[in-house]
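**Student:** Read off the chains here:
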Amino acid sequence: MTPQNRLRVSLATARYLDALERDDQAALDTLWLQAANDPELLAAFRDIHAGLIEEHARRNATEVQNTVASAVEEHMPGAEIVRPEIGPVTVADVAAELFRHPPALLPAEAHALNERLRSVTDLVPADLGLDAVAAWAESKFGPGPARYWAAFRQAALKARMRRSADTEFRLAARKTAPTPEGG
Amino acid sequence: MTPAMHPPIAAPPDDPVRAAMDDSHIRAELLAHSRSRLSLWLNDRPPTVREELAAEVVQEALARAWDRRADFDRTRATPAGWLHGFLSHVLSEQCRTIRKQPAQPTVHPGAWEALEGRFTKDDSDLSELLGCLPADQREIVSMHHLDGLSHREIAARLWISEPTSRVRLARAMNELRRLAAEKEAGR
Chain A
1 MTPQNRLRVS LATARYLDAL ERDDQAALDT LWLQAANDPE LLAAFRDIHA GLIEEHARRN
61 ATEVQNTVAS AVEEHMPGAE IVRPEIGPVT VADVAAELFR HPPALLPAEA HALNERLRSV
121 TDLVPADLGL DAVAAWAESK FGPGPARYWA AFRQAALKAR MRRSADTEFR LAARKTAPTP
181 EGG
Chain B
1 MTPAMHPPIA APPDDPVRAA MDDSHIRAEL LAHSRSRLSL WLNDRPPTVR EELAAEVVQE
61 ALARAWDRRA DFDRTRATPA GWLHGFLSHV LSEQCRTIRK QPAQPTVHPG AWEALEGRFT
121 KDDSDLSELL GCLPADQREI VSMHHLDGLS HREIAARLWI SEPTSRVRLA RAMNELRRLA
181 AEKEAGR
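The listed protein sequences correspond, in order, to chains A and B.
Following this note's numbering, the numbering of the first sequence begins with 1 at its first residue and continues without gaps.
Following this note's numbering, the numbering of the second sequence begins with 1 at its first residue and continues without gaps.
Keep in mind that the hints are not guaranteed to be accurate.
What the hints assert, rightly or not - One side only, chain A facing chain B, incomplete, derived with CB under 10 angstroms:
hint : residue
1    : Y16
2    : A35
3    : N37
4    : R46
5    : G87
6    : E109
7    : E115
8    : R118
9    : D127
Simulated from the structure, these hints should not be mistaken for lab results.
All of these numbers come straight from a predicted model, not from anything done at the bench.
Heads up, the beta-carbon is just placed ideally off N, CA and C, and yes, glycines get one too.
With the hints as extra help, turn the sequences into a complete structure.
**Tutor:** Shown next, in the form of structure tokens:
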């Protein structure tokens with residue numbers, strides 16, 4: 001796909017979503033006229049429908065989850081709610097792990113830096129080599145003690161491995177449709 | 001005694017509208033279109049009500065398309081696109097009847113053209129506008145339009161589905177359009 005075509009489809013899709021959300025029938029008519037003879041645009045609009053359905057299902061699931069969680073927190077204060085962690089590991093995830101399990105002998109400035117990173121939603125880099133992590137982190141968040149970056153890297157590696165294992169477990173444990181033979 | 005089995009009646013080869021109506025993939029797409037729009041506008045209704053209405057609206061759109069099938073021009077539209085156009089109309093009517101929602105004004109097409117211009121020209125304002133977007137929206141616009149990644153590649157990187165990637169990019173482009181219009185008005 002050429003950059004021009006990419007931009008054309010992207011703008012038409014944005015217009016389509018905007019028109020859907022505002023129920024702007026005149027704009028929808030224009031866009032369907034374009035899509036009627038344009039398979040790429042039709043596929044993009046189809047994806048928008050599927051994306052909206054996914055979004056709606058996610059919102060409903062979150063609402064149910066929150067209702068159940070708040071009921072458990074209110075009536076069963078001793079219970080621990082285990083929330084499944086999905087998606088890539090963020091800086092905030094790693095900082096939260098270091099907050100819960102701080103390594104020994106970290107200087108005060110490392111704790112202050114960790115506190116700051118607890119709200120950073122950037123993803124940790126793909127390369128988790130010690131030098132690469134320190135260089136990447138210092139370019140983004142400023143200098144920090146070498147001991148802290150080593151602990152950060154260790155926690156990031158653990159979080160990534162744990163999340164991959166969780167994802168694989170969920171994939172293995174997912175429900176499958178019964179075969180016609182009942183197997 | 002078992003009844004005699006008849007082969008299913010196939011659409012005549014010269015009737016693309018009938019063939020599209022019989023196509024289970026196209027019907028599934030129409031149903032998804034209907035469900036997605038009803039989920040936006042009838043979010044407070046029980047899911048079963050929305051599901052039933054989604055199917056009814058598709059039936060109504062197919063009935064109208066059938067009545068107007070003589071107007072179908074294969075040089076101007078694909079059958080699927082043509083059917084979606086009917087469905088879009090019926091959905092609008094239904095949503096407005098139920099919600100008593102008045103018709104919404106159309107965003108001036110010039111606003112979109114101006115945004116397109118910022119991407120195609122060497123416009124330093126574009127990087128400034130991108131800087132005003134929230135980090136997640138800036139990331140997806142950069143990945144698609146500056147780095148040239150497809151939605152499949154973006155979905156793999158962000159651990160989301162391709163349709164979600166498409167919806168997120170569309171929202172980000174809308175926000176860019178709004179920011180560009182605000183900037184233009186402030187000049």
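**Student:** Give a verdict on every hint.
**Tutor:** Right, here's what the structure says about each hint:
{"no.": "1", "hint": "Y16", "result": "holds (7 angstroms)"}
{"no.": "2", "hint": "A35", "result": "holds (5 angstroms)"}
{"no.": "3", "hint": "N37", "result": "holds (5 angstroms)"}
{"no.": "4", "hint": "R46", "result": "holds (6 angstroms)"}
{"no.": "5", "hint": "G87", "result": "holds (5 angstroms)"}
{"no.": "6", "hint": "E109", "result": "violated (26 angstroms)"}
{"no.": "7", "hint": "E115", "result": "violated (20 angstroms)"}
{"no.": "8", "hint": "R118", "result": "violated (16 angstroms)"}
{"no.": "9", "hint": "D127", "result": "violated (15 angstroms)"}
Hints 6, 7, 8, 9, counting from the list given before, are not met by this structure.
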